[in-house]
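A.B. asks: Those protein sequences? They're chains A and B, same order as listed.
With the first letter of the first sequence counted as 1, position 150 gets the number 150 in my numbering; the numbers rise by one all the way through.
With the first letter of the second sequence counted as 1, position 46 gets the number 46 in my numbering; the numbers rise by one all the way through.
Calculated directly from the structure, the hints in this document are not laboratory data.
Do not rely on the hints blindly, as some may be mistaken.
[Unchecked claim] Computed spacing ranges between beta-carbons, pair by pair:
(1) A:337 with B:98: 34 to 40 Å
(2) A:337 with B:289: 14 to 20 Å
(3) B:382 with A:178: 38 to 44 Å
(4) B:112 with A:310: 45 to 51 Å
(5) B:151 with A:428: 32 to 38 Å
(6) B:112 with A:239: 42 to 48 Å
(7) A:173 with B:49: 50 to 56 Å
(8) B:114 with A:310: 17 to 23 Å
(9) B:256 with A:18: 53 to 59 Å
(10) B:351 with A:310: 29 to 35 Å
[Stated by the list, open to error] For lysine-lysine, the following DSSO-like pairs were computed, each having C-alpha atoms within a straight-line distance of at most 30 Å:
(11) B:48 with A:62
(12) B:367 with A:429
(13) A:311 with B:401
(14) A:311 with A:338
(15) A:260 with B:401
Computed from a predicted structure; not experimentally measured.
Glycine included, C-beta positions come from ideal geometry on N, C-alpha and C.
There are 2 protein chains.
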Amino acid sequence: MREDVSPPKGFRDFQPEDEILRKEIFSRIEKIFQRYGFDPIETPMVEKWETLAGKYGEEAEKRLIWRFKLPYSEKEFGLRYDLTVPLARFVARFNPRFPFKVYQIGRVFRYEDPQKGRYREFWQCDVDIVGESSPLADAEILNIVIDVFEEFGFKNYTIKVNDRRILREIFEKFLGISDYSTILKIYRIIDKLDKIGKEKVLLLLKELNLGEKVLEQIESFIDASKLSNEEIFRYLESFDSSEIKVAIESLKTILDFSKKKDRIKIDLSLVRGLDYYTGMIYEAVVEEPKIGSLSGGGRYDNLIGIFTGNKIPAVGGSIGVERLIDAGLELGIFKKEKKTYSKVGIVYTKDVDVKKVWKIADYLRSKGINTFVPFEGYSGILDGVKDLDKRGIQFALIIGKKEIEEGKLTLQNLLTRERQVVKLEEIDKIVKG
Amino acid sequence: MREDVSPPKGFRDFQPEDEILRKEIFSRIEKIFQRYGFDPIETPMVEKWETLAGKYGEEAEKRLIWRFKLPYSEKEFGLRYDLTVPLARFVARFNPRFPFKVYQIGRVFRYEDPQKGRYREFWQCDVDIVGESSPLADAEILNIVIDVFEEFGFKNYTIKVNDRRILREIFEKFLGISDYSTILKIYRIIDKLDKIGKEKVLLLLKELNLGEKVLEQIESFIDASKLSNEEIFRYLESFDSSEIKVAIESLKTILDFSKKKDRIKIDLSLVRGLDYYTGMIYEAVVEEPKIGSLSGGGRYDNLIGIFTGNKIPAVGGSIGVERLIDAGLELGIFKKEKKTYSKVGIVYTKDVDVKKVWKIADYLRSKGINTFVPFEGYSGILDGVKDLDKRGIQFALIIGKKEIEEGKLTLQNLLTRERQVVKLEEIDKIVKG
């Protein structure tokens with residue numbers, strides 16, 4: 001009898017070669033966050049249901065949040081759906097010094113239908129600035145995202161930027177949709193643009209019965225994605241609205257302070273799916289592979305206020321690590337080439353005193369060399385070398401009974417096949433050099 | 001209106017000063033695992049209920065596992081209860097090369113009553129050797145645990161060791177308890193010894209109606225903790241049992257290969273609460289503070305077989321990071337002294353061109369210096385210095401309008417209060433030196 005060995009649908013196990021690559025990527029992203037003066041916090045994987053309720057929008061609440069009760073309690077819980085709402089709760093709880101520059105790296109859970117680049121458990125690297133309303137904070141978030149793409153050598157990325165204030169003002173003031181929940185519905189439909197295309201989006205919007213003018217406006221937002229940033233600014237300046245003018249100024253400042261202006265593309269059809277955004281919003285995409293956005297975020301000036309009772313502005317971005325990795329693997333930027341952290345493996349035969357082998361291993365470890373020792377001697381040297389090769393260990397330290405008596409060790413580089421007789425004290429330099 | 005800002009009972013938020021300390025401790029533990037030739041894997045936070053069911057024992061299953069269904073599905077899930085059962089599933093799924101030396105660092109979930117050192121979400125650092133039955137593997141796990149305690153400078157730790165084969169043989173063969181589930185019940189009661197004391201343990205055992213002889217035997221196990229390892233071996237050798245003799249040999253090998261023999265104390269009253277152990281078991285404790293075991297584990301030769309259908313031996317240990325940290329903080333071994341990763345903060349006044357400040361910050365970041373920049377100029381230099389001081393940033397780089405024109409910068413070490421006029425290119429050396 002054999003039990004089912006697969007994880008739940010949409011969940012993944014990571015083998016050492018996956019995990020070693022992932023850890024390296026996380027660490028490089030984290031270093032960028034730290035370079036910009038951001039510090040880490042951690043929040044629970046489980047939140048009270050009330051903490052998550054009413055924050056993400058209808059679809060999330062009805063279909064996507066991992067919401068549950070235990071058999072032992074009447075309390076309702078949810079697995080965290082993103083890192084932003086827990087951050088908002090955190091800020092309200094601890095009242096940190098503003099601007100609070102903070103990062104989080106961790107798992108989030110969504111009950112989605114699994115497909116390429118979409119999982120039920122995935123990792124986000126979030127970077128947020130809390131307590132700052134200046135568009136410079138927005139610019140800093142985008143510069144960090146740019147640094148991440150540059151760090152990994154992505155060549156073909158674009159950061160699409162928009163501002164919810166522009167959209168809302170046009171829908172409310174110029175198209176007369178006074179009900180904000182209707183506007184949020186419109187956002188959620190437009191948000192599917194990349195997935196289902198323009199025609200289907202317009203069909204879905206039609207079902208809301210908003211009138212021709214609204215549909216035309218949205219269509220012109222979509223078509224405007226072909227225009228240059230300057231042309232879009234000119235188009236927006238034609239609206240007589242101080243709110244829109246403020247948003248234009250904000251976008252211009254963001255562009256002005258950007259490390260790579262030419263990567264930033266204003267896109268009026270960008271809406272983002274989550275309810276809580278209030279100002280600048282962005283999504284970063286690569287041309288190839290077609291995998292959806294690798295990073296997204298924006299300003300959420302009202303979310304923290306739900307917890308604190310008073311308004312605290314904030315802006316943040318999230319890097320979707322799985323898509324970044326999947327895209328990088330496809331583009332050949334990332335490779336799963338490292339199967340182990342072990343640098344040296346010891347090959348010894350059955351006639352060798354294991355205690356002496358352990359002594360040698362201990363010495364190497366004390367020098368900071370990751371050393372793999374099997375618990376039994378190999379039946380032959382060749383067997384041992386083959387085993388270490390399959391394990392992806394670069395250096396084989398070969399110890400026979402005679403060698404140990406003579407104090408002579410053989411070190412073989414399994415990449416170059418070179419062998420040399422070495423003293424124990426020399427190994428450090430060879431394997432690190 | 002203000003929403004509840006606390007996490008669920010037994011869950012915790014970690015502020016930057018907590019998180020920075022935790023990350024350092026995780027990283028040092030991880031380095032030790034790697035030095036011994038172990039590689040990382042990762043498994044999901046959520047498992048199918050069937051994966052967890054029947055592995056941990058009655059109490060876990062009836063009261064402690066985070067078990068649930070979602071509103072959208074009839075499937076039952078559980079949050080992972082430890083890292084060992086997911087590892088067993090992982091091994092059955094991927095069939096890695098043996099001996100498979102593997103580590104995992106992550107959260108696990110237990111619906112316990114929260115108290116000092118006991119949470120509903122906590123972190124474990126697990127290290128396991130799969131596919132190896134030699135007691136040398138047991139010894140290696142204990143040496144790693146010893147290295148962890150030595151790494152952090154704990155002075156007063158003891159590693160209690162026992163062997164389930166000894167216990168089972170005595171209960172089955174010499175006391176005639178043929179029903180293994182009764183033996184597991186006995187284990188679970190004895191496991192509470194540290195928490196409730198000998199008298200209460202004996203009272204609870206009495207309720208099982210096992211007869212006087214069994215109670216006397218258990219009492220003598222408990223009292224034997226005062227004996228030396230050699231005296232315990234002599235006592236055990238008096239039993240006529242090949243199974244016990246094998247276990248004694250195994251314990252002697254473990255002692256023989258231990259890095260610190262004097263830290264290892266055979267304790268016949270050590271049982272461990274979980275069902276899946278089959279051979280050597282251990283718990284590491286410190287004399288002060290009284291906080292329970294900081295690490296525990298043992299051999300589980302039958303667990304993986306539940307998933308694979310054929311027996312695969314394995315042994316592992318788990319370091320309970322929260323207790324390690326709590327103990328270390330109480331002992332003064334750990335200190336929450338670092339509030340930020342930022343090394344330099346820039347103090348500038350409102351009349352300074354922010355773009356020039358960002359240029360300077362970018363330069364410092366390109367040199368790998370973590371640099372914090374506020375988004376608005378301070379109203380005065382002193383305000384800025386005070387702000388950085390409160391943030392725990394060591395160096396203030398002071399930039400006034402005049403200074404920027406003259407290319408002169410002032411760097412102040414906020415620990416020593418020393419100020420010096422520096423060139424931009426010199427900062428790197430000063431702050432890293």
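A.B. asks: Does each hint hold? Answer for all of them.
C.D. replies: Each hint, compared with the structure:
Remark: the range hint 34 to 40 Å for residue 337 (chain A) to residue 98 (chain B) is contradicted by a beta-carbon distance near 23 Å. For residue 337 (chain A) and residue 289 (chain B), the hinted distance range of 14 to 20 Å is not satisfied, since their beta carbons lie about 45 Å from each other. For residue 382 (chain B) and residue 178 (chain A), the Cβ-Cβ distance of about 49 Å falls outside the hinted range of 38 to 44 Å, so the restraint is violated. For residue 112 (chain B) and residue 310 (chain A), the Cβ-Cβ distance of about 36 Å falls outside the hinted range of 45 to 51 Å, so the restraint is violated.
For the pair residue 151 (chain B) and residue 428 (chain A), the supplied restraint of 32 to 38 Å is violated, since their beta-carbon distance comes to about 20 Å. Distance hint check for residue 112 (chain B) and residue 239 (chain A): the Cβ-Cβ separation is about 58 Å, which falls outside the suggested range of 42 to 48 Å. In this structure the supplied range 50 to 56 Å holds for residue 173 (chain A) paired with residue 49 (chain B), their Cβ-Cβ distance being about 53 Å. The hinted range of 17 to 23 Å is not satisfied by residue 114 (chain B) and residue 310 (chain A), whose Cβ atoms lie roughly 31 Å apart.
A hinted range of 53 to 59 Å is violated for the C-beta pair residue 256 (chain B) and residue 18 (chain A), which are about 38 Å apart. As the Cβ distance of residue 351 (chain B) to residue 310 (chain A) is approximately 30 Å, the hint placing it in 29 to 35 Å holds. Proximity of residue 48 (chain B) to residue 62 (chain A) is assessed by CA-CA distance (about 22 Å); at most 30 Å being required, the pair is judged to hold. For a cut-off of 30 Å, the pair hint linking residue 367 (chain B) to residue 429 (chain A) stands: about 27 Å separates their Cα positions.
A hinted pair counts as satisfied when its Cα atoms are at most 30 Å apart, and residue 311 (chain A) with residue 401 (chain B) does not qualify at roughly 33 Å. Note on residue 311 (chain A) and residue 338 (chain A): the hinted pairing is violated, with a Cα-Cα distance of about 48 Å set against a maximum of 30 Å. Distance check on the hinted pair: residue 260 (chain A) and residue 401 (chain B) sit about 27 Å apart at the alpha-carbon level, within 30 Å; holds.
Hint check: violations occur at hints 1, 2, 3, 4, 5, 6, 8, 9, 13, 14; the rest are consistent with the structure.
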